[in-house]
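Under the numbering used here, the first residue of the sequence shown is numbered 7, with each subsequent residue one higher.
Among the hints, erroneous ones may be present.
Said to hold, decoys possible - Listed next, with one range per pair, are the computed distances between beta-carbon atoms:
no.	residue 1	residue 2	range
1	Glu-173	Leu-13	44 to 52 Å
2	Trp-90	Lys-64	17 to 25 Å
3	Lys-176	Gly-107	16 to 24 Å
The hints are simulated quantities; they were obtained by calculation from the structure and are not laboratory data. Even glycine gets a Cβ: it sits at the ideal position worked out from N, Cα and C.
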Amino acid sequence: HRRISMLVVDPEERARHLAQSATHPDPGVAEALDQGADHACRRGAPAIAAELLERALKLTDADDPARYARLLAASEATRQAGDWPRARALAEAAITIAKEGNARARALLLLGLSSSDALEVCLRARAEAPADPPLDARIHLALSDARFGVSFPLAYDDACAALEAAERAKDMSLVSEALALAGLDNVGQKRAL
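Assemble the whole structure, with the sequences as input and the hints as a guide.
The structure is reproduced here in structure tokens:
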């Protein structure tokens, strides 16, 4: 498998062959699996990305600093693939090794995005996060989504806060997402009156 991995061009196929050849934790093979997962995500295959990231986790030592990032990436890919229970388990594992601040807030955000108690978990993420505009925007978007249909004024306020943070981050994809959500919340608020 290791020899085949040197011949193939596709990053996903290469990563699979390298993983087949690994018998113990191997940072190089885990990195190749990360690259294969990134390739799978970019082509719209989150289930394959999640599978590759899970393999990378098996080849990552418990004390390796890369473990946290792999847990987050695996949680996100698994959530996008529709396996919310597994996404929650991966996010919870990331929370246990996350330090305070942004690292913990990112893991809580992913947990909130795949939980039935999203509002409570996202509020915890918001309390953990220091000033980090992109993360702040994502948390406020999740809060707005969790409050949508329950409290349109609060959902709208969170969408506006997400828009401000996204503009500070100069992240146009977050800006457009916040604008769309603010528009939905505003329409819902007017209909509720």
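field: Unsatisfied constraints (hint numbers, rising)
entry: Of the numbered hints, all hold.
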